[in-house]
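Visitor: Read off the chains here:
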Amino acid sequence: MDRDDRPGGEGPLLELTRISKHFGGVRALDGVDLTVSAGEVVALIGDNGAGKSTLVKIMSGVESPDSGEIRVRGRAVRLDSPRAAAEAGIHTVFQDLSLCDNLDAVQNLFLGHERCGPSWTGRRVRRHVMERQAQQILESLSVKLRSLSAPVSELSGGQRQGIAICRALISDPAVVLLDEPTAALGVSQRGEVLDLVDRLREQGRGVVVISHDIKDVQRVADRIVALRLGSKVAEFARDGYAASDLVGAMTGAHERHDDVRSEESR
Amino acid sequence: MTTSTRPPVAPAAERRTVVGHAIERAARMPRSIPVLVTLALIWAVFYSQSPFYLSFGNLTNLTLQIVTTAILSLGVVFVLLVGEIDLSSAALSGVCAAVAGTVVVTHGLPLAVGIATAVVVGMVVTFVEAQVIIFGVPSLIVTLGGMVILQGLLLVVLPEEFTISIAGTPLASLALTAVPAGASFALAAVGALAFAGYRTLLHRERTSTGSGGSVLRSVAAPSVAAAVGLFAVVFVLSRQRGLPLPVLILAGMLLVAWYWTTQTRYGTHLYAVGGDREAAQRAGIPVRRMVMYSFLVLGACAAVAGMVDSSRQLGVSATSGAGPLMLNAIAAAVVGGTSLFGGRGSVWSALLGSLVIGSISNGVQLLGLSTEVQFFATGVVLVLAVAVDVVLSRGSLLPGRR
Chain S
1 MDRDDRPGGE GPLLELTRIS KHFGGVRALD GVDLTVSAGE VVALIGDNGA
51 GKSTLVKIMS GVESPDSGEI RVRGRAVRLD SPRAAAEAGI HTVFQDLSLC
101 DNLDAVQNLF LGHERCGPSW TGRRVRRHVM ERQAQQILES LSVKLRSLSA
151 PVSELSGGQR QGIAICRALI SDPAVVLLDE PTAALGVSQR GEVLDLVDRL
201 REQGRGVVVI SHDIKDVQRV ADRIVALRLG SKVAEFARDG YAASDLVGAM
251 TGAHERHDDV RSEESR
Chain E
1001 MTTSTRPPVA PAAERRTVVG HAIERAARMP RSIPVLVTLA LIWAVFYSQS
1051 PFYLSFGNLT NLTLQIVTTA ILSLGVVFVL LVGEIDLSSA ALSGVCAAVA
1101 GTVVVTHGLP LAVGIATAVV VGMVVTFVEA QVIIFGVPSL IVTLGGMVIL
1151 QGLLLVVLPE EFTISIAGTP LASLALTAVP AGASFALAAV GALAFAGYRT
1201 LLHRERTSTG SGGSVLRSVA APSVAAAVGL FAVVFVLSRQ RGLPLPVLIL
1251 AGMLLVAWYW TTQTRYGTHL YAVGGDREAA QRAGIPVRRM VMYSFLVLGA
1301 CAAVAGMVDS SRQLGVSATS GAGPLMLNAI AAAVVGGTSL FGGRGSVWSA
1351 LLGSLVIGSI SNGVQLLGLS TEVQFFATGV VLVLAVAVDV VLSRGSLLPG
1401 RR
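Sequence lines, in order, name chains S and E.
Under the numbering used here, the residues of the first sequence are numbered 1 to 266, in order.
Under the numbering used here, the residues of the second sequence are numbered 1001 to 1402, in order.
Chain E extracted, bound-state conformation (with noise of 0.2 Å):
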């Protein structure tokens, strides 16, 4: 940016127009549309290389691979709406998988109670880690210290040959269950009909104060779409032995999280605190319980990711929710569009973002490239993310510009 290599005044001005219209524009589309063209562009390229990368095969186990990821950046996005990070969430999820497996196998107890310790031993300890960051120690060094004290808890919760097999036990069933086509089917058609009743009432309730638009615009054409697009990813994951239950497991806690963080109170609370945690205070928002609730969240997401993921892995290990697990959930929430600041983002971005990462790896995989591709490759789209997005929420391309 030296003045010596400015053009002249007049052609700076129009081009400036031109881009930044083009960048105003962008910066009012929604977050998740770039995000959605950079996965289109992945895909393109590795099914140039391969056509057997779009095929339903490994479609599916594309979308197997990414659960575990997606629930984990699940959680991490409640925490960066609140303006705080997590870097234990990963370890924790291998600690609340051995106490699964603890409860479940070791012990024999019913699946149902291994999942409920599981969580609640998730919850806990990120509960003790949001008491600790409303204290007033910075959240990245509670989760960091919290990192490692897991990495060493999980070495006491495992036996003595820290290896729990999980194969053949209830717990395998979670990754191993799949709902039959049929009955997959069924289920995507409640779901159309839950969102084209939901898009109803609210068309109804703005109606009712005379503000509503045409039926056709709020409610058909979007139902439509919705069940168009419901149907087609029912029909791909499950044509191989049906809808295996981590995708619903995930489909699940999305929606309840979309409901929640935009549909109610405490969503707009969250992203208020994200926002500007003075002006939540002073408008009577409880900022410290919010930033607890983000937390427990988190605890148990990381539970539920580290049960899917055990049971995909077939056992629990000492490398439970080590690797790169969690600069994976981590990236996947900010590729997603989630701002690493609070406050913007949506819980979308945990499926799109770790969508973008899986499909890089799985891609790499798939052509034999070597791993250092995907290492590669995951870094650049991350930094590109975060550029895009710092140049929308500023709006122009010029540093220091508005």
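If we strip away everything but chain S, and leave its shape as in the complex, we get (with noise of 0.2 Å):
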């Protein structure tokens, strides 16, 4: 699994320009710019309904831009369906975790991805393959599980949220979404759950963090960038700002000061 295929120098792996989509006549998204570069861990923040949900389908392929350019990894992509975003590297963790219900953690872990015997035998499941690689990427994120064949449904949150993270290290993408990790998780379970993303930014991948949070995105971002509205208001290089420059991007209060804007350039 090398990453060989990355451009040389420091070109971003994710490049969207002036992004727009329209539901009806309302405006999601205005013209968004957003760029990460490997190892990088981008958080976005914003307000109900600023864009932050349409941008991560739009990057996740689960709709359309109206207008507006996705790089991946210098390649300009059309991300028009799940499977192009992912065979495009990018790999989206919803906050709803997408598992189904009635399958099991490593049938979850793999699924769209299953490790299979050749055609003759119907694309047999290599069933020991997945569930041994199911361990060493459950180990090696510290997920403890009871049983890999139970379904998922008699699972704990954590435990959940554990899986569909895990996920993103299957394919091997080189960007991952996370939209809303923390969201539904108490204190211990954040705190790992923002431990793996710092080791998914160890990896290499670039990180896109969804987030209300201003705790966590303080805690694991690189740089922040602030949705209002349907454009964006505001980038933060990390130590750039203070907690009270994050909350009124978010709630409009510095819209008049450009200069809040931080320097883009570490």
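Be a bit skeptical, because a hint or two may be false.
Unchecked claim - Here are a few chain S residues that sit away from chain E, every Cβ distance over 12 Å (derived from the structure):
1) ASP172
2) ASP195
3) ASP213
4) ASP222
Claimed, not checked - Residues from chain E shown here face chain S by an in silico Cβ test under 10 Å; the list is partial:
5) ARG1025
6) GLU1205
7) ARG1206
8) THR1209
9) SER1211
10) ARG1239
11) GLY1267
12) GLY1275
13) ILE1285
14) ARG1289
15) TYR1293
In case anyone wonders, no lab produced these hints; they're calculated from the structure.
Idealized CB from N, CA, C, for every residue including glycine.
Got two chains here, each in a separate frame; can you build the complex from them with the hints?
Guide: Set out below in structure tokens:
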């Protein structure tokens, strides 16, 4: 699983340019730019209706933008289906986790990426291979499960979140999108998830975290992009801001002070 | 559930844990266990009334009676697994039987041509239905309309006298053919060896990744059990004229369906689509194509069921595929443990459910009871089976808990 396809130098892994999206008369996104580099965690913050979820849906291939360009590793891509996004190397962990309750942990981890035998066996699932890999991945992120073969409906919320995030590692994506990863978790599980985000960064992936939670964002993000009413209103580099700046950008209190925008080059 | 009749707190809590534990343990069991218990109870009741009920002759008879329902029910299971429903496959089985009859009897073409044509017609019809369902019309409505249309189509396919007699034609040989006892036991031996071989393969794969258990528990014991069961079934069913061909057809279809649903990637995707369509879609599974595959399987099953049934009845008529066949096939799938809401169940539920329903009607007829007893008993078993399913999946007897 070498990542030798990374272009030399510091070109961004994911680059969105002037993305716009309308739903009927509602302008959900208006000319939003976003870049994510390798080994960088970008947080996307904003109040309800700021356009965060629309942007996630566009990056994950659920919705198509009306206009704008998406480049992955410098190459223009059309993300017109979740499969296209996955093939381009973007993996999304949705807030609802998108687990199939009736399937077990191994089946959920590998869903859509099953390790299979040759076609003459009718693509027989190589369960033993998947179980071993699942154990390795779950252990590497210290997610503990009672059973690999119990339906995930029997697992706790933290365990389910763990499975959903471990799933990001199965297809070895360049960019991982995490939609409100800590929203439904208790304090200790929240810390574990944020540690996991650090680990994704150490692996040289680009990470986009969508969150309401200022504390989580401050703890984990290298760069913070604030959306408001469909537009990018501010961008902060790590340590280049105070918590009140973030709240201000989200609520619009700083709208008239464009100088709050911090320098983009750290 | 009024608050005034609620017992004091401590005993209630205690009782809940005892019952709750039992339910939780039952929920982890394979869904076939409660069905097998039900089947054993039904057999015990009828056997106590008439010892002839469990004779070789009647057991063979019972098996032949349920083959049509079981094959059709197998197709219904596939459709239920992806979270759809079908009401048209019984009518479709009649149409397919009429097509096969027309090809083989009226036009005198070889049996293989007739079978192939019927299967293709079945799959084309369900393909069209699947397209309308994928387009967005609920499957309940599409297949309800389809059922009525197919009843009309049956009258179009049938000749003017509305019957095709197939006695003495190659089609009749489907039901009449039987594998001699000796060859049947050879088949059972091959089956048992194949089972043991596959268990060995799985065991070796697991040990290669360091997670294998003992050979005794994962290979030897299940293989011996399977061999004993297989030989017992063949012994009982081949006592009269040998092993009937319809039983072999059903067994073959069940085996292929088992492999496809539990051992392959497509099977996982099938369950994923039934479990959570949105999650499956996001994982890149072609949801619409999986729904279509299920309906294609149903079409093939309906065609085979129709031909086997007409072969047993020695004719196709305007009433082929009518009567209780459709409801029995759906009820069998559900009684056998397949969820109406998709994603839970197995292909064995088609066999087990058909056995339960068939055992009731067989017993009622054997004892000379009136038909309404059969209806009452079948209806009660159906509702009870779904109630058990609800309790097990909710994990509690009380509504709204968990």
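Visitor: For every hint, state whether the structure bears it out.
Guide: To see whether the hints hold, each was checked on the structure:
1. ASP172 (chain S), annotated as away from the interface, keeps every beta carbon of chain E farther than 12 Å; the closest lies near 15 Å.
2. No beta-carbon of chain E comes within 12 Å of the beta-carbon of ASP195 (chain S); the shortest separation is about 25 Å.
3. For ASP213 (chain S), the condition that its CB be more than 12 Å from all CB atoms of chain E holds, with the nearest at approximately 24 Å.
4. Its beta-carbon lying about 27 Å from the closest one in chain E, ASP222 (chain S) satisfies the requirement of being farther than 12 Å from that chain.
5. Interface hint at ARG1025 (chain E): violated, since its Cβ lies 13 Å from the closest Cβ of chain S, which is beyond the 10 Å cut-off.
6. Interface restraint check for GLU1205 (chain E): the shortest CB-CB distance to chain S comes to about 4 Å, inside 10 Å, so the restraint holds.
7. At a threshold of 10 Å, the smallest CB-CB gap from ARG1206 (chain E) to chain S is about 5 Å, leaving the interface hint in force.
8. The beta carbon of THR1209 (chain E) comes within 4 Å of a beta carbon in chain S, closer than 10 Å, and the hint placing it at the interface holds.
9. The restraint placing SER1211 (chain E) at the interface with chain S holds, with a minimum CB-CB distance near 6 Å, inside the 10 Å limit.
10. With a cut of 10 Å, the hint placing ARG1239 (chain E) at the interface with chain S is violated, because the nearest CB-to-CB distance is about 35 Å.
11. For GLY1267 (chain E), the interface hint holds, since its Cβ comes within 10 Å of a Cβ in chain S; the closest pair sits about 8 Å apart.
12. This hint holds: GLY1275 (chain E) has a C-beta 4 Å from the nearest C-beta of chain S, less than the 10 Å allowed.
13. Interface hint status for ILE1285 (chain E): upheld, as the beta-carbon distance to the closest one in chain S is roughly 6 Å, under 10 Å.
14. A least Cβ separation of about 12 Å between ARG1289 (chain E) and chain S goes past the 10 Å threshold, and the interface hint is therefore violated.
15. Nearest Cβ of chain S to the Cβ of TYR1293 (chain E): about 12 Å, over the 10 Å cut. The hint is violated.
Against the hints set out earlier in the document, violations occur for numbers 5, 10, 14 and 15.
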